[in-house]
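Visitor: Work the whole structure out from these sequences, hints included.
Protein sequence lines, in the order shown, are assigned to chains L and Z.
Each residue of the first sequence is one higher than the one before, starting from 2 at the first, in this note's numbering.
Each residue of the second sequence is one higher than the one before, starting from 973 at the first, in this note's numbering.
Certain hints may be false.
Stated by the list, open to error - Which chain Z residues face chain L? A few, computed with CB under 10 Å, are given here:
{"#": "1", "residue": "Thr1032"}
{"#": "2", "residue": "Asp1050"}
{"#": "3", "residue": "Phe1062"}
{"#": "4", "residue": "Gly1063"}
{"#": "5", "residue": "Gly1064"}
{"#": "6", "residue": "Thr1065"}
{"#": "7", "residue": "Phe1076"}
{"#": "8", "residue": "Gly1078"}
{"#": "9", "residue": "Trp1085"}
{"#": "10", "residue": "Lys1089"}
{"#": "11", "residue": "Gly1124"}
{"#": "12", "residue": "Gly1125"}
{"#": "13", "residue": "Ala1131"}
{"#": "14", "residue": "Ile1195"}
To be verified - Calculated pairs, DSBU-like style, for lysine-lysine (alpha carbon to alpha carbon, straight line, at most 35 Å):
{"#": "15", "chain 1": "Z", "residue 1": "Lys1155", "chain 2": "L", "residue 2": "Lys322"}
{"#": "16", "chain 1": "Z", "residue 1": "Lys1168", "chain 2": "Z", "residue 2": "Lys1094"}
{"#": "17", "chain 1": "Z", "residue 1": "Lys1089", "chain 2": "L", "residue 2": "Lys322"}
{"#": "18", "chain 1": "Z", "residue 1": "Lys1083", "chain 2": "Z", "residue 2": "Lys1208"}
{"#": "19", "chain 1": "Z", "residue 1": "Lys1205", "chain 2": "Z", "residue 2": "Lys1089"}
{"#": "20", "chain 1": "L", "residue 1": "Lys159", "chain 2": "L", "residue 2": "Lys142"}
{"#": "21", "chain 1": "L", "residue 1": "Lys193", "chain 2": "Z", "residue 2": "Lys1041"}
{"#": "22", "chain 1": "Z", "residue 1": "Lys1094", "chain 2": "L", "residue 2": "Lys322"}
{"#": "23", "chain 1": "Z", "residue 1": "Lys1168", "chain 2": "L", "residue 2": "Lys193"}
{"#": "24", "chain 1": "Z", "residue 1": "Lys1089", "chain 2": "L", "residue 2": "Lys321"}
{"#": "25", "chain 1": "Z", "residue 1": "Lys1089", "chain 2": "Z", "residue 2": "Lys1035"}
{"#": "26", "chain 1": "L", "residue 1": "Lys193", "chain 2": "Z", "residue 2": "Lys1169"}
{"#": "27", "chain 1": "Z", "residue 1": "Lys1208", "chain 2": "L", "residue 2": "Lys193"}
{"#": "28", "chain 1": "Z", "residue 1": "Lys1155", "chain 2": "Z", "residue 2": "Lys1041"}
{"#": "29", "chain 1": "Z", "residue 1": "Lys1089", "chain 2": "L", "residue 2": "Lys193"}
{"#": "30", "chain 1": "L", "residue 1": "Lys321", "chain 2": "Z", "residue 2": "Lys1155"}
Worth flagging that the hints you see were computed from the coordinates, not collected in a lab.
Computed from a predicted structure; not experimentally measured.
A virtual CB, placed ideally from N, CA and C, is assigned to each residue, including glycine.
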Amino acid sequence: MDKIATLLRRPAAASILSLIGVLAVYVILGGVDLGQLFGAASWVNYAARIGIVAVPVGLLMISGEIDISIGAMIPAGAMTTAIISGHYGLPMIFGILGALVVGGLVGLFNGFLAVRTTVPTLIITLGTLVAMQGIVLAGSKLLTGAASVPLEAAPLAKALFGQLLFGGSHQVIILWWLLVALVFWFVMHQSKYGNWIFAIGGDRVSARNAGIPVDRITVLLFVLTSTSAAFVGMCHAIQFNSAQVSGGMNDIFNIIVSVVVGGVLLTGGFGSIPGVFVGTITFAIVNKGIDFTAIDRNWANLIIGLMLLIAVGMNETFRKKALSAAPKKRK
Amino acid sequence: MSAQPAIIELQNVDKSFGPIDVLMDISLKVHAGEVLCLLGDNGAGKSTLIKTLCGVYTPTRGKMLMDGKEVHFARPRDAQEAGISTVHQFGGTFPLMSIGRSFFVGVEPTKGWGPFKRFDRKTANAIAVQAVQDFGITRIDDGDRLVGGLSGGERQSLAIARAVHFGARVLILDEPTAALGVKQASHVLRIVNEAKKRGLAVIFITHQVMHALAVGDHFAVLIRGRLAANFMKGEKSREEITDLMAGGEDMATLEAQIAGADTELHSPAHARAAAKP
Ligand SMILES: Nc1ncnc2c1ncn2[C@@H]1O[C@H](COP(=O)(O)OP(=O)(O)OP(=O)(O)O)[C@@H](O)[C@H]1O
Ligand SMILES: [Mg+2]
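Guide: See below:
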C-alpha cells in the first residue's frame, strides 16, 4: 500500500495511468490486437518525431517557460538542409550544420528576449513562430522559387539521420529519440543542473538569490528546444528526400499535450523526463494507433482532448497528494 | 574591537531604482562576533540594504568593503563565495522540491566523475534533515518530502537552517522570526547568538523590540532610506529604541492614536453610519 502511494506521488504516475487507460479503450472498444500494435512502426516513428522536441520542451516548461516557435522550427530545419544541400548542392555537412545553426540562433533570440523583457514567453515565441514561418516561406520562394525542395542525401548522412532500421519501416530517428531522452534524463534527474531547473521553475527570484545563473540557463533551454526542432526537421528532409514549407504546425499542440500528459506542471517547478517519455508514447498511440482499431479515426481528437483533461486532473490530485504526504516511518 | 577591520562595511552607499532613491548615504560597519539589528518602519529600505549587501543589487554609488578591502558583487553567487549567506524576507524555499534538493539549491553535493557527476541525494537528504532537526523541528525526518507540505514556520526554519549551514562569515536574516512560533523564534535568537560566538557577523532585521534587544550588540535605524541612528547596546534606553523602530514617532502618541480610533469606533456618529443599510 505504501509502495503504491509512493509510486503515485511520482510525476510520471498520471502518464502511465493514461497509457494504460488508452490501451484499455483500444482493446475493449476498438478490438485492437496489441501484438500488432506494438509491432507497428507508424506510431513509434511519430513518437520519435514529437518526442525529440518534447523532452527539451519538458525541461523548458519545468523551468516555467514555454516555446511554441518549435512549430515553425521543424519546417525551418528541413528547408535549411534541403536548400543548402539539395538546391545549392553543397556537401551534406553544411546542410546539417546550417539547420542546427538556424535552430540555435532562433533559440538565442527567444531566450534573449525572455530574460531581457517581461513579455510572457508564450507571446515572444508566438512572435517568432509567425515570423519564422514568414521567413521560411519567403526565403524558400526567393532562393528556390518553390515551396518544396528535393534533397538527395549523401550515404553517411542518410545512414545517420534518414535510414530505415533493419530494412523495415522503423526510422533511425527513433534511436536519436532514445538517446535524447536518456541524456536529458541524466541531466534532469541525476545531475545538479536538473536541481537548478526545478528551482528556477519553483521560484525564479529565490533561485537567482541562491546563486543559480538563471538567465544563462533560460537562454540555454530555449536554444535546446529550438535546435531540437530544427534537428527533427533536418532528419525528416533526409528521410523523405525533400522538404516542404508547411507542416509542423500541428506539432506545437501535439508536443505540448505530450508534455502535459507526461505530468509537467504548466506553471513550472514539477515534472519528469520519464513522464514526458511515456506521455509522448501515449499521445502517439492515441493518434496513430487508432488506425489499428475498429474506431473511426475522427474520434482520435476526442480521445486526446479527454485524455488531456483527465491527465491534468490526475496531475493536480497527485501533486496535492505529494505535497501533503508525510510518509510514516519508511525504515 | 576596532583593531581589526570590520568584516563588512558600507561607505556612503546610495541605491536608486531609476528615479526612486531608496537608500541615501549609508555608512555602516559590522565586526566579527557582532550582531547588528537593522530597524525601521515598513518601506524604510531595510530589505533593499541587505539585498545590496548580498549581491542582489549593486550600489548606485558608494563603496562596499570586506576586511577593509573593496569588493564588488555582481551577482548573489559572488557574495556567497565571499561567505555571506542570506535568508530573504520572502521565498527562499521551493514548494515543489524535496527538502534535500531545496536545501542544496546552487551548492549541490555530487558524486561520480567528470560529466557523470550525480546529485548525491542521500548525503543531501541526511545533511538537510540533520540541520532542520538541530533547529528543533524534529517532526521532519524524511529529506524526500516536498517543501510545500511543510508549515510556514517549518519552511522558514528550513531557510534559516540552510543559511546557517552555508554562512561562513556573514549571516543576514531578513525578518526571520516573522512566521515563527514562540519556541522557534527563541531558537532563531539562540542560533544568532551561536553564530556570533563562532565569530560571524550577523545582520538581523526585525520589527520586534524584544527580539532586537535580546540579541543586538549594535543597532542601526533606517528612516526613509537614511541612517537615522547608529549606536551600540546600552547607549540608548529601551523606550528610545522603541520610538526609533516606529519610524521616529513617539510610541506614546501612536498608542494614543490607537486608543483614539477605538473610541471613535464606538462614537454615536460611527454607530449611526454602521446602522445605515
Ligand atoms: N526594485 C524596486 N524598484 C523600485 N522601488 C523599490 C524596489 N525595491 C524596493 N523599492 C522601494 O524601496 C522602498 C524600501 O523597500 P524595502 O523593501 O527595502 O523596505 P523594508 O524596510 O524592507 O520594509 P518592510 O519592513 O516592509 O519589509 C519601498 O518604498 C519600496 O517601494
Ligand atoms: Mg523588508
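Visitor: Now tell me if each hint is right for this structure.
Guide: Hints, verified against the model:
1. Thr1032: violated (20 Å)
2. Asp1050: holds (9 Å)
3. Phe1062: holds (8 Å)
4. Gly1063: Since the shortest Cβ distance to chain L is 4 Å, the answer is holds.
5. Gly1064: This interface hint holds because 5 Å falls under the 10 Å limit.
6. Thr1065: Hint on Z:Thr1065: holds, closest Cβ of chain L at ~7 Å, below 10 Å.
7. Phe1076: holds (7 Å)
8. Gly1078: holds (4 Å)
9. Trp1085: violated (12 Å)
10. Lys1089: holds (6 Å)
11. Gly1124: violated (14 Å)
12. Gly1125: violated (16 Å)
13. Ala1131: holds (9 Å)
14. Ile1195: violated (26 Å)
15. Z:Lys1155 <-> L:Lys322: Distance ~29 Å between Z:Lys1155 and L:Lys322 Cα, so the pair holds.
16. Z:Lys1168 <-> Z:Lys1094: holds (31 Å)
17. Z:Lys1089 <-> L:Lys322: Measuring from Cα to Cα gives roughly 31 Å; hence the hint holds.
18. Z:Lys1083 <-> Z:Lys1208: violated (53 Å)
19. Z:Lys1205 <-> Z:Lys1089: violated (49 Å)
20. L:Lys159 <-> L:Lys142: holds (26 Å)
21. L:Lys193 <-> Z:Lys1041: holds (33 Å)
22. Z:Lys1094 <-> L:Lys322: Since the Cα atoms of Z:Lys1094 and L:Lys322 sit roughly 23 Å apart, the hinted pair holds (cutoff 35 Å).
23. Z:Lys1168 <-> L:Lys193: The hint holds at about 32 Å.
24. Z:Lys1089 <-> L:Lys321: holds (32 Å)
25. Z:Lys1089 <-> Z:Lys1035: violated (39 Å)
26. L:Lys193 <-> Z:Lys1169: The given pair, whose Cα atoms are some 34 Å apart, holds under the 35 Å limit.
27. Z:Lys1208 <-> L:Lys193: violated (49 Å)
28. Z:Lys1155 <-> Z:Lys1041: violated (40 Å)
29. Z:Lys1089 <-> L:Lys193: holds (8 Å)
30. L:Lys321 <-> Z:Lys1155: holds (29 Å)
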